[in-house]
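Undergrad: Take a look at the letters that make up each chain.
Protein chains: 2
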Amino acid sequence: MKTDIAALAFDKMNRKTKPPGSLGVLESVAVRLADLQQNLEPKLSKKRICVYAGTHGVTAEGVSAYPSEVTGQMVLNFLSGGAAINVLARHAGIDIHIIDAGVDADWPDILLKQRQFFYRAVRRGTSNFFQEPAMTRVECEQALDVGREQVRAALRDGIDLLGIGEMGIGNTTAASALFVALCGLMPEDAVGRGTGIDDASLRRKIEVVAGAFERSAPHCSEPAGLYWLHVVGGFEIAAMAGTLLEAAKARLPVVVDGFIATAAAAAAFNIDQRCRDICFFSHRSGEQAHGKALEALKVEPLLDLKMRLGEGTGAALAMPILEAAAKILCEMATFESAGVSQTLSSELRTPNPKLRTPNPELRTPNSEPRTPNGER
Amino acid sequence: MKTDIAALAFDKMNRKTKPPGSLGVLESVAVRLADLQQNLEPKLSKKRICVYAGTHGVTAEGVSAYPSEVTGQMVLNFLSGGAAINVLARHAGIDIHIIDAGVDADWPDILLKQRQFFYRAVRRGTSNFFQEPAMTRVECEQALDVGREQVRAALRDGIDLLGIGEMGIGNTTAASALFVALCGLMPEDAVGRGTGIDDASLRRKIEVVAGAFERSAPHCSEPAGLYWLHVVGGFEIAAMAGTLLEAAKARLPVVVDGFIATAAAAAAFNIDQRCRDICFFSHRSGEQAHGKALEALKVEPLLDLKMRLGEGTGAALAMPILEAAAKILCEMATFESAGVSQTLSSELRTPNPKLRTPNPELRTPNSEPRTPNGER
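Sequence lines, in order, name chains U and Z.
Each residue of the first sequence is one higher than the one before, counting from 131 in our numbering.
Each residue of the second sequence is one higher than the one before, counting from 131 in our numbering.
Looking at chain U on its own, in the form it has when it is part of the complex (with noise of 0.2 Å):
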């Protein structure tokens, strides 16, 4: 059933009036969005992206450039609306959901109330894993199950594409770390320069991302993507993974962000590879290990402007692009539609008679030529 549809759907591109695969990644795109909603005109009205938040107490190793506090700081700013999130989910027509996974804040009742706001905070910020495992085992599934509260919201609002994104001061080390633990990138090559620390910060991270290993015992019985998570992820990029594994269980299409939330489909593709399926990456960063990791995925992105903010910005600048190849799949016109030669030149130098135009009135006629009048 599934493979019938992505059949059907890459047969219907290729009747487009274009030469085949000349659309490049937009005619993938399309395809695997309508094997997805297992639909030949697959439709991306509804989108939405839940940006994370949670405090990491591993910025304790004065590993980022902004004090820990900006995390709590930063959520506000997404509820008042002055983002750049906001912003470019405004210029994109998505909606947003900001989640607090575990931000050390205390929030105003006002704030509480917001409908886009959701305090479900598993704890005022990680451990510090340099020390010790970030969270406990318990706290990694409450964490995971933010997500996946995410996921069934989502469905239950009719949204078509879901982006995930996040906020949380320290939390490239995090990234690196996992990206470490799970795709093989050796601790050097694995960290960057996040929101933009100096020399000795970035050999300072580099140590605590190696010494987070040194420290660990390997894991048993569980997946690695799960053991990983709770070792050196973060309440935010856990729960960013619980929205890949509820999302893959539904086929709901997510767009990912960028290197924290490749570090979350890195977990989460270890746990369940059915979340292969579902995700689309927006972007390559700029934050340098993004373009590894990537590789070591065996994934390509959408884009590469050299952002490295976070927040969900690449995934809003990235759903248009999909929701534009779902689109190419919908409305535009076949060769035998519009009437246009489908057939190479050595075949073919006239037009076939038996294609025809919609409306007879728009064919190319064979007349005799005319002095056009628009000269000057």
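No wet-lab data here; the hints were simulated from the structure.
None of the values given here were measured: they were computed from a predicted structure.
It cannot be assumed that every hint is accurate.
Note that identical chains are pooled: a pair holds if it fits in a single copy or bridges any two copies.
[As the list claims (entries may be wrong)] No more than 20 Å apart at the CA atoms, straight line, and that leaves these computed lysine to any residue pairs for SDA-like: (1) LYS436 to PRO149; (2) LYS176 to CYS460; (3) LYS173 to GLY288; (4) LYS176 to ARG278.
Guided by the hints, dock chain Z onto chain U, whose structure is given.
TA: This is chain Z only, laid out in the frame that chain U set:
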């Protein structure tokens, strides 16, 4: 004056709530747009793509996979609303103009009355440039004027952002020849498979491109861009170049589509360097030589989606990204307005009390921890 606005826009961008540079290419695009519009709040609300069509005499050499008649048939498809450019322009709220700059077709009267169609054919197709110059110098000037006219119309209509795209079976051959002449590419590097030719046609296409140079006399007093446009160009390519030349005078930003539009840009840059300031290159085409041509022109495209259709489809996908960049500069909060700490963590570990949010109720309080009410 010009430099001042760019510097102010750069400064404004750096006060936004994000690490400096973290929005990558969006930031530099926004600064360029502010500079072009001489406005710290650049607006791109009205967008239009001009799709120029032309027939190419060089198709007689067997360089294309499609018969020459497809050019006219696709113009009809554009006007019926069923082509890829129609779908993508509708998706992004972009108006389109279809301009016959020199198509070998007779248009029914009903077509000539369409507001979005401009019948400006210089001639019913170029001459075969493998045998003789594609057009006369006078015709080349006429074709440039066809493009200039569209800029004047765009300015009258209050268009903020213009795009250029094209349709013309055989025009990858003309574009390749222009890249050889103007960017110093070797014929075998400048030629690709276009709409999808086989190995034999590819070898022929290289011969045809190389052959045009053996026959042609070197240019004398006029700019090389102008000379080669008439010798190996196309009416739609010259019209696109005319659009850029006129837009440069008005400092109107123009999004350049793909391989063939880039050849028009190469000619325009050679004729008037100011064209560089207004051009935004939408994407790196799947046509293999495009990357080399962009490199030779020292420009970086926004997208890389392996598209190679033309019609302005790449421009249509890139325009919303330019619009997003402008909105970032206009709408995003600053560190001051949002009350977000900007200082490095080594210097400041608690929020700066001097920083305030616009809404005092939405500040992060530093009171006692409390249990999240959202836990399950």
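Undergrad: Taking the hints in turn, state whether each one holds.
TA: Here's how the hints hold up against the structure:
no., hint, result
1, LYS436 to PRO149, "between (31 Å within a copy, 13 Å between copies)"
2, LYS176 to CYS460, "within (16 Å within a copy, 26 Å between copies)"
3, LYS173 to GLY288, "within (11 Å within a copy, 33 Å between copies)"
4, LYS176 to ARG278, "within (19 Å within a copy, 40 Å between copies)"
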